[in-house]
Amino acid sequence: MSEATDLPTLWRNQPPEPALPIPTMRERAGALHSDAKRLAISGYVWAAFFLATFGWNALHARNAMECAGALVCMFGAIFLAVTWRRFGTKEMPHTLPVLQFLKTYREELQRQQHMLKTAILPSTLPLVLGITLATAGHLAARHALHAASLAVLACFLALILAFGWIMNRLHCQQLQFRIDEVETALRDAASSIGSLP
Amino acid sequence: MDASPTTQDEKFAGAMANFGPALQRLARGYEADPAERRDLLQNIHLALWRSLALFDGKCSLRSWVFRVAHNVGASHVLSSKRQNRFQPAILEDLATLPAPTATPEHEAATRDLLARLLHLIQNLRPPDAQVMLLYLEDVPAAEIGEITGLSAVAVATRIHRIRSLLARHINEGTHQDV
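From first to last, the protein sequence lines are chains A and B.
The first sequence begins at 1102 in this note's numbering and counts up by one.
The second sequence begins at 95 in this note's numbering and counts up by one.
Hint data in this document are derived by calculation from the structure and do not stem from the laboratory.
Just so you know, these numbers come straight off a predicted model, no measurement behind them.
A few of these clues could be false.
Listed next, with one range per pair, are the computed distances between beta-carbon atoms [said to hold, decoys possible]: (1) B:Ala147 x A:Ala1153: 38 to 48 Å; (2) B:Thr101 x A:Glu1208: 24 to 34 Å; (3) A:Arg1139 x B:Arg257: 29 to 39 Å; (4) B:Asp133 x A:Ala1263: 34 to 44 Å.
Glycine included, each C-beta is placed from N, C-alpha and C at the ideal position.
Model the full structure from these sequences, guided by the hints.
Spelled out as structure tokens, the structure:
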């Protein structure tokens, strides 16, 4: 067989398989759209939950310190919601040439990683500060009965914050791994161009 | 999805009529595992259907379809690499790769040749595999450049290397086996 004439023809003569029907395609596109919406809404739901909890605490605070703590926590919750909104993954432009697509993909991954790295401190600090203030305020009011439950709540929130911080670090690492893969793919392409005689 | 659904569906139906089989072959070039390949092909179809809402005819439909398909394929390869399922070889290393062992003796020479070709493509680095897949689909060099983003000279050089590679790897194997 002569390669130049036969291989492309042989390649193009492979038996076809059935394609995805258009109604199924619509259904899947709709499901993808719903998933993205649900993800965006979940951030707001969590923020609303925290706002309601800390708002209730602020209204029922026994002293100014406790009230200030709850208000700072509310600010932290709003910041988290805004961060979550900005983090939302952009849709990738699949219609670009492959090299440009890979560069855009890398930029998007870097943007997400940068956001994760820079948002962790500003979003957790108000919560930590707020919880500390609220706890101190509550203790200052000498509500011995509530002190124990407040300590439990503070521990629980501290655990949540620690878990969030660990997840943030892990996600950053995963993103770095993906960025490295894209870098390698781009380097592969560039090296082939660079190896021209 | 903001374009008229009928127009989008019509465009998709037209694209599938013209390039459906080529997309299946492309998916075969990117993924050896049948189940993964089915998923990849469905992702390509979905991305293509969604993208056609934006198709404005500034480039040919073929370029558009192949761009979308190769970008989804490239994402798939990156994700497979993340799961350590993809081990590409560079062009020069392929001469030392063993021929696929799954070819039964009673299979036709054509099938054997296709298996060798697929094995070769699936072990290429993505930029080389993309050019080879497009070359096999008889896409002109200039259009390969439009699709991949490589320069015309880079595409020409790669095609030259690919042809030598095919002659060396495929035909030598064929003469040994058939």
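Hint by hint, here is what the structure shows:
A hinted range of 38 to 48 Å for the beta carbons of Ala147 (chain B) and Ala1153 (chain A) is consistent with their spacing of about 40 Å. The given range of 24 to 34 Å is respected by Thr101 (chain B) and Glu1208 (chain A), whose C-beta atoms sit roughly 31 Å from each other. For Arg1139 (chain A) and Arg257 (chain B), the hinted distance range of 29 to 39 Å is not satisfied, since their beta carbons lie about 50 Å from each other. Against the hinted window of 34 to 44 Å, the Cβ-Cβ separation of Asp133 (chain B) and Ala1263 (chain A) comes to about 37 Å, which satisfies the hint.
Violated hint for the displayed structure: number 3, the only one.
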